[in-house]
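Spelled out, the chains give:
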Amino acid sequence: MAAAYELRCRECGKRYENAPLSICDECFSPLEVVVDLEAARHTFTRETIAAGPSSMWRYQALLPVPDDYVPTTPAGWTPLLRAPRLAERIGARNLWIKNDAVCLPTLSFKDRVVAVALANAQTFGFDTVGCSSTGNLANAVAAQAARLGLKSYILVPADLEAAKILNTQVYGATLVRINGNYDHVNRLCSQIGERYNWGFVNVNLRPYYAEGSKTVGFEIAEQLGWRLPDNVVVPMAGGSLIVKIRKAFKELIALGLVEEKEVRFFGAQATGCSPISTAVKNGADTIEPQRPATIARSLAIGNPADGIYATRAISESRGWAEDVSDVEIVSAIQELAETEGVFTETAGGVTTAVTARLYAHGRIHPDELTVACITGNGLKTTDVLQGAYEQHAAIRPRLGDFETYLAERNEESELELGGAYVS
Amino acid sequence: MSVRVLLPGAFQKHTNGTREIQSSAGNLPALITEIETTFPALKTHLRDESGQVRKFINFYVNEEDIRFLGNEKYAFQDGDEVLVIPSIAGGCAPRDTPFGQMQMQNWGVCSCCSYCGQEECICGD
Numbered sequence: 001m002a003a004a005y006e007l008r009c010r011e012c013g014k015r016y017e018n019a020p021l022s023i024c025d026e027c028f029s030p031l032e033v034v035v036d037l038e039a040a041r042h043t044f045t046r047e048t049i050a051a052g053p054s055s056m057w058r059y060q061a062l063l064p065v066p067d068d069y070v071p072t073t074p075a076g077w078t079p080l081l082r083a084p085r086l087a088e089r090i091g092a093r094n095l096w097i098k099n100d101a102v103c104l105p106t107l108s109f110k111d112r113v114v115a116v117a118l119a120n121a122q123t124f125g126f127d128t129v130g131c132s133s134t135g136n137l138a139n140a141v142a143a144q145a146a147r148l149g150l151k152s153y154i155l156v157p158a159d160l161e162a163a164k165i166l167n168t169q170v171y172g173a174t175l176v177r178i179n180g181n182y183d184h185v186n187r188l189c190s191q192i193g194e195r196y197n198w199g200f201v202n203v204n205l206r207p208y209y210a211e212g213s214k215t216v217g218f219e220i221a222e223q224l225g226w227r228l229p230d231n232v233v234v235p236m237a238g239g240s241l242i243v244k245i246r247k248a249f250k251e252l253i254a255l256g257l258v259e260e261k262e263v264r265f266f267g268a269q270a271t272g273c274s275p276i277s278t279a280v281k282n283g284a285d286t287i288e289p290q291r292p293a294t295i296a297r298s299l300a301i302g303n304p305a306d307g308i309y310a311t312r313a314i315s316e317s318r319g320w321a322e323d324v325s326d327v328e329i330v331s332a333i334q335e336l337a338e339t340e341g342v343f344t345e346t347a348g349g350v351t352t353a354v355t356a357r358l359y360a361h362g363r364i365h366p367d368e369l370t371v372a373c374i375t376g377n378g379l380k381t382t383d384v385l386q387g388a389y390e391q392h393a394a395i396r397p398r399l400g401d402f403e404t405y406l407a408e409r410n411e412e413s414e415l416e417l418g419g420a421y422v423s
Numbered sequence: 424m425s426v427r428v429l430l431p432g433a434f435q436k437h438t439n440g441t442r443e444i445q446s447s448a449g450n451l452p453a454l455i456t457e458i459e460t461t462f463p464a465l466k467t468h469l470r471d472e473s474g475q476v477r478k479f480i481n482f483y484v485n486e487e488d489i490r491f492l493g494n495e496k497y498a499f500q501d502g503d504e505v506l507v508i509p510s511i512a513g514g515c516a517p518r519d520t521p522f523g524q525m526q527m528q529n530w531g532v533c534s535c536c537s538y539c540g541q542e543e544c545i546c547g548d
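First to last, the protein sequences are chains A and B. Every letter in the first sequence is one number past the one before it in my numbering, and letter 392, counting from 1, is 392. In short: position in the second sequence from 1, add 423, done, that's my numbering.
These are computed hints drawn from the structure, not numbers from a lab. Everything hinted at is true.
Here are some, though not all, of the chain B residues that point toward chain A, as calculated from beta-carbon distances under 10 Å:
1) F434
2) Q435
3) D471
4) R477
5) F479
6) E486
7) E487
8) D488
Here are the simulated distance ranges between beta carbons:
9) B/N494 x A/A50: 51 to 59 Å
10) B/G493 x A/V102: 42 to 50 Å
11) A/E26 x B/N494: 20 to 28 Å
All C-beta atoms, glycine included, are put in the ideal place defined by N, C-alpha and C.
Given these sequences and hints, build the entire structure.
As structure tokens, this is what we get:
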């Protein structure tokens, strides 16, 4: 390889020089980045990584950016938390949370992919970037484009959560609301990408963008003391994240940074938009598109671009996929917050609920080291918790009033307990 | 009966830069046959080894995925607009950038559209 990385067709293997391209011109299949692992063998060691920055850029040698690239956005390097209280609740004994709800700068894992995509947008000379988004990507592109001085056009479904719209516009991005779902928006972006000289992070920059997801896998391995978990549970929208975490583990094995191990991958979707989990359950190698109908809007992609590859990653690793209802999603958001102090958005509710089900169905053994990937922050989807908590009338600032309040609360609790017991 | 068919940039290397055709095909199989007859160079790229249309190529009718309309059973209506798009499409580099110039020199393709395959772009900018 001339460069340390290049593009290659995932199906026919045709090689391409680095370019803002995402489709093979021979078989019209997706392109992906292939990193020259041999070239990285001496620069990507436990020691050089430990000496690197406290961000995803500590893994720069395996990311598709020029050698002399100087990152400006310290995304990633999020906490890997033990989750003993959630584990006890759902019948696990060795459960961990990869908490990208606190990924900087915009509180979702999309900050990782955008950091790599915009580095390439600059390399290719684009002055305008854009994306189709279900919200988190919109926030990430808008914020990082602002930091790099790039113009941004963000296209989103018109019914997106208000917080995600505000969190895009505040950075000065041009936000275009589209009457349609994400798949309609994505298709429009494909057409725009052919008409305008813009860098669309998840269209013509997609091969580079997707590589940013590998850093979730690198971090999990490093934070576990350079070893791989037994299982990973990953939410699936377009299906790219689960594929790239697996790719990251394979690269670490190839470079000898971790012992070889076949990690099992489990995919999580909402039942209202479950094309990938449906394919896994049916043993299919094709994805039947769906019309999304779920509160988990960040996962509401009915025709997932990497769906086939996600299905293969799951089946090859002897994992599984599950999907959960909107009611279960909300309950799981509350459960994760109440047990571990992690407030996630609806996608994290999907992951948490699916994780619980995988234990309940015996698909994951309680003692196996399992990492559940929480990819976004609950402050972005507070609308799904509207009405979930009763607001008591305010009391006067007097100790007596407070004690009366406590007594009434206890009475209510006992009544509730009694009612529950009777029923 | 006529439908307007918009082809993706990725096809243009095999269609001499043609981006749009009018078709009188009555349904999807007939349309694919017509496209292959019109652009013989595209045929081997459009289908896989078993003769099936490649799975990454999507067809939309008036903004709706044709699979939601009955797929091969859907009968085209006069005035329908058919959009052909690979799962993720696109590919452009600014003409006046080092990358765009490199693209011209190394690959002999234009920098406004990576796929028209002509030294002077013939597919519009």
